[in-house]
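All chains should be modelled from the sequences, with the hints used to inform the complete structure.
In order, the protein sequences belong to chains Y and C.
Here the first sequence is numbered in our numbering, starting from 241 and rising by one per residue.
Here the second sequence is numbered in our numbering, starting from 44 and rising by one per residue.
Don't take each hint at face value.
Unchecked claim - With a cut-off of at most 30 Å between alpha-carbon atoms, the simulated DSBU-like pairs for lysine-lysine come out as follows: (1) C:K173 <-> Y:K371; (2) Y:K355 <-> C:K48; (3) C:K103 <-> C:K62; (4) C:K173 <-> Y:K244; (5) Y:K367 <-> C:K139; (6) Y:K331 <-> C:K173; (7) Y:K335 <-> C:K173; (8) C:K103 <-> Y:K367; (9) Y:K287 <-> Y:K352; (10) Y:K319 <-> C:K152; (11) Y:K244 <-> C:K103; (12) C:K48 <-> Y:K319; (13) Y:K329 <-> Y:K289; (14) Y:K244 <-> C:K152; (15) C:K173 <-> Y:K294; (16) Y:K352 <-> C:K152; (17) C:K103 <-> Y:K355; (18) C:K137 <-> Y:K371; (19) C:K139 <-> Y:K335; (20) Y:K367 <-> C:K137; (21) Y:K355 <-> C:K137; (22) Y:K319 <-> Y:K371; (23) Y:K319 <-> C:K158; (24) Y:K287 <-> C:K48.
Stated by the list, open to error - Derived CB-CB ranges, DEER-like: (25) Y:K331 <-> C:L105: 34 to 42 Å; (26) Y:E309 <-> C:E107: 18 to 26 Å; (27) Y:E279 <-> C:N140: 20 to 28 Å; (28) C:E107 <-> Y:G334: 33 to 41 Å.
What the hints assert, rightly or not - To be clear about the criterion: a stretch of chain Y counts as covered by chain C if any three or more of its residues have a C-beta under 8 Å from a C-beta of chain C, and this derived list gives those stretches: (29) 333–346; (30) 352–361.
What the hints contain is simulated information worked out from the structure, not anything from laboratory work.
Ideal placement from N, C-alpha and C gives every residue a C-beta, glycine not left out.
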Amino acid sequence: MNYKEIAQNSIANFLKGDVNAILNVLDENVEWINPDAPEVPVAVSVKGKNNVPKFFSAVAETVDISRFEINNYIAEGPKVVGWGSYDAKVKSTGKSFTTPLIMTWEFNPQGKCVKWQGYTNTSAQAKAFAK
Amino acid sequence: MDRSKNIQTVQNMYSDFGKGNIQGIMDVVADNVSWNDAGYPDLPFGSENRPKNDIPNFFKTLSESVNYSRFEPQEFYADGNAVVAVGHHEGVTKPKNVHFSSPWIMLWKFNDAGKVSYVRTFIDTNEIGKGFRN
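Right, dumping it as C-alpha cells:
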C-alpha cells in the first residue's frame, strides 16, 4: 500500500468509526496538529499515538457529523494531502456548520504517519459552538 | 504536467504578492478560475467562487484589513496538475490591531495551458476573525 492509499484507508476507517485501524498506521510519537482553538473542541492538538484517541473522543462527544467527504488526494514523496468538506451539528448548541477540510499526512519509511495536520474554517465552527 | 514549472509558477505568485505585483498574479490565472478564499463569509477577504475580475479586490481588501509582519511559504509539493503550498502568516488586523499567527495551506491546480484554474486557501479563520469582530 502506498502512502496515498494509507491516508485514504484512514479516512475510510474514520467513516466506519474504526479508530483502532487509524491508530495502527500512526508512529508512537506522531504529532497530531489542529488549530487548537479553545472555542472549537474538535480543533485539539495532541502529541503521541496514545493521546490521539482524545481527538476522536472530542469529535464523537461534541458533534454529529452528517456528511464527511475527503474526495481529493495528492501525494508527493512521504507527504499526502487530502481535502473535501463536512457538515456537522454541535451537540451542545444544536447549531450546524459546513466547513471545507484539508489534511496533511507525513509518513516515515516504515509507512507510519509521523505528522498529521488538519485545517478547517474554524470561524464557522466557533460560531456553531458558541452558546 | 511539469511539476517544477507549476511549483515555480506558484513561487512566483508568492513573490509577486510580496512585491505587491498583483498583475503578475493575474497574468497566470485562468479566466474561468475557481477561486475560494478562507473565511467566507466571516472574514472581510473571504470568498466563494470569486471571479477572476474580482481577484484584485481580494488583495485590496487583504491589504486594508491586515498588516503582515510575516508571510512565509515554507513547503511546496506537487502531484499531477496540483501544487500544495504550506506556510505561516503573522501580523495584526486593521484597524483593531489584534495579533494573529497561524499556519496556512493553499491548493493550486493548473489547466493544460499552465494557467491557475483552482485555488483554495486555509488559515485559522477563528483566530484572525477575532481581530475583526466587534
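Here's how the hints hold up against the structure:
1. C:K173 <-> Y:K371: It holds: about 17 Å lies between the C-alpha atoms, which stays within 30 Å.
2. Y:K355 <-> C:K48: Holds - the C-alpha atoms of C:K48 and Y:K355 are around 28 Å apart, at most 30 Å.
3. C:K103 <-> C:K62: holds (14 Å)
4. C:K173 <-> Y:K244: Distance of about 36 Å is beyond 30 Å: violated.
5. Y:K367 <-> C:K139: This hinted pair holds, its Cα atoms lying about 20 Å apart.
6. Y:K331 <-> C:K173: holds (24 Å)
7. Y:K335 <-> C:K173: Answer holds: Y:K335 to C:K173 is near 20 Å, not above 30 Å.
8. C:K103 <-> Y:K367: holds (26 Å)
9. Y:K287 <-> Y:K352: holds (15 Å)
10. Y:K319 <-> C:K152: holds (17 Å)
11. Y:K244 <-> C:K103: violated (38 Å)
12. C:K48 <-> Y:K319: Within the cut-off at roughly 19 Å; holds.
13. Y:K329 <-> Y:K289: holds (27 Å)
14. Y:K244 <-> C:K152: holds (18 Å)
15. C:K173 <-> Y:K294: Answer holds: C:K173 to Y:K294 is near 27 Å, not above 30 Å.
16. Y:K352 <-> C:K152: holds (28 Å)
17. C:K103 <-> Y:K355: violated (35 Å)
18. C:K137 <-> Y:K371: holds (27 Å)
19. C:K139 <-> Y:K335: holds (29 Å)
20. Y:K367 <-> C:K137: holds (22 Å)
21. Y:K355 <-> C:K137: violated (34 Å)
22. Y:K319 <-> Y:K371: violated (38 Å)
23. Y:K319 <-> C:K158: The given pair, whose Cα atoms are some 24 Å apart, holds under the 30 Å limit.
24. Y:K287 <-> C:K48: Between Y:K287 and C:K48 the Cα gap is close to 36 Å, so the pair fails against 30 Å, i.e. violated.
25. Y:K331 <-> C:L105: 34 to 42 Å: holds (35 Å)
26. Y:E309 <-> C:E107: 18 to 26 Å: Since the Cβ atoms of Y:E309 and C:E107 sit about 35 Å apart, the hinted range of 18 to 26 Å is violated.
27. Y:E279 <-> C:N140: 20 to 28 Å: holds (21 Å)
28. C:E107 <-> Y:G334: 33 to 41 Å: Holds, since C:E107 and Y:G334 (Cβ atoms, about 36 Å apart) stay within the stated range.
29. 333–346: holds (count 3)
30. 352–361: Three-residue rule met by the segment 352–361 of chain Y, so holds; n is 4.
In summary, the structure is inconsistent with hints 4, 11, 17, 21, 22, 24, 26 from the numbered list given earlier, while agreeing with the others.
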